[in-house]
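Starting from the given sequences, assemble the full structure and let the hints guide the process.
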Amino acid sequence: MKSNFFRKKNIAMITIAILTWLALEWQLYIMLGKAPSAGISTIKTIINFFSFFTILSNLLVAISLSAVLLTPSSRTGLFFSKITVQSAIAVYIFIVGLVYNLVLRNLWTPTGSQLLVDNLLHLIVPVLYVLYWIIFTPKKTLHWKNIFPWLIFPAIYLVYSLIRGAVVNWYPYPFIDAGTLSYGQLAINSMMVLAAILITGTAMIAFNRYANKKTERLES
Numbered sequence: 736m737k738s739n740f741f742r743k744k745n746i747a748m749i750t751i752a753i754l755t756w757l758a759l760e761w762q763l764y765i766m767l768g769k770a771p772s773a774g775i776s777t778i779k780t781i782i783n784f785f786s787f788f789t790i791l792s793n794l795l796v797a798i799s800l801s802a803v804l805l806t807p808s809s810r811t812g813l814f815f816s817k818i819t820v821q822s823a824i825a826v827y828i829f830i831v832g833l834v835y836n837l838v839l840r841n842l843w844t845p846t847g848s849q850l851l852v853d854n855l856l857h858l859i860v861p862v863l864y865v866l867y868w869i870i871f872t873p874k875k876t877l878h879w880k881n882i883f884p885w886l887i888f889p890a891i892y893l894v895y896s897l898i899r900g901a902v903v904n905w906y907p908y909p910f911i912d913a914g915t916l917s918y919g920q921l922a923i924n925s926m927m928v929l930a931a932i933l934i935t936g937t938a939m940i941a942f943n944r945y946a947n948k949k950t951e952r953l954e955s
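Heads up, the sequence shown is in my numbering, so the first residue is 736 and it goes up one at a time.
It is possible that some hints are incorrect.
Stated by the list, open to error - In the DSSO-like style, the derived pairs of lysine-lysine whose C-alpha atoms are separated by at most 30 Å in a straight line are:
id, residue 1, residue 2
1, Lys874, Lys744
2, Lys817, Lys743
3, Lys875, Lys743
Everything labelled a hint here was simulated from the structure, so no lab data went into it. Keep in mind that this is a model prediction, so the values were computed, not measured.
Here you go:
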């Protein structure tokens, strides 16, 4: 029974990792292809690519799963094997899907390969990774205090985005565009995203702590 569980877990990890790496490489390829016509240098395009929370969160998914699969005994593999780290990544990738599909999806109309990669990064990978977390994360292992370190990465990302945006006059998302928004609106938008992270993280911790018997049997 245990071996069947771990076999399914490995299949899920391999599938999600491959899809995520393909989506990330595909998105970078698309952006680099459009850069010359937009008058953007290759270096700036690459920096912009890694300045999206979507990209960074998907990258965390891809790196974490790959490290656990390929080098489980390494420092990187052991770090990403931690339940708290996997849970933090689940929170981030869930927020990616939530914010994009509720706020950003209607702001543009991608077509062709961009539409496919867009859905991979903002819908398919978030859903698959959260399901992976629900099914394969050991239950009753998280504590309420775990949520506070999970806020560090989004906070650093926000500070970086605002500082770089002020320097290069480019912001990855319209709701943190300090060039067009008032500081008051920017603060409100930031607090709303923070609240979404707190609510999501709290819900995930509650699920982990109070998982019912049926959920626990999935791991046996």
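Taking the hints in turn, this is what the structure says about them:
1. Our distance criterion of 30 Å between C-alpha atoms is met by Lys874 and Lys744, whose separation comes to about 15 Å.
2. For the hint linking Lys817 to Lys743, the alpha-carbon distance of about 19 Å falls within 30 Å, and the restraint holds.
3. A hinted pair counts as satisfied when its Cα atoms are at most 30 Å apart, and Lys875 with Lys743 qualifies at roughly 21 Å.
Of the numbered hints stated above, none is contradicted by the structure.
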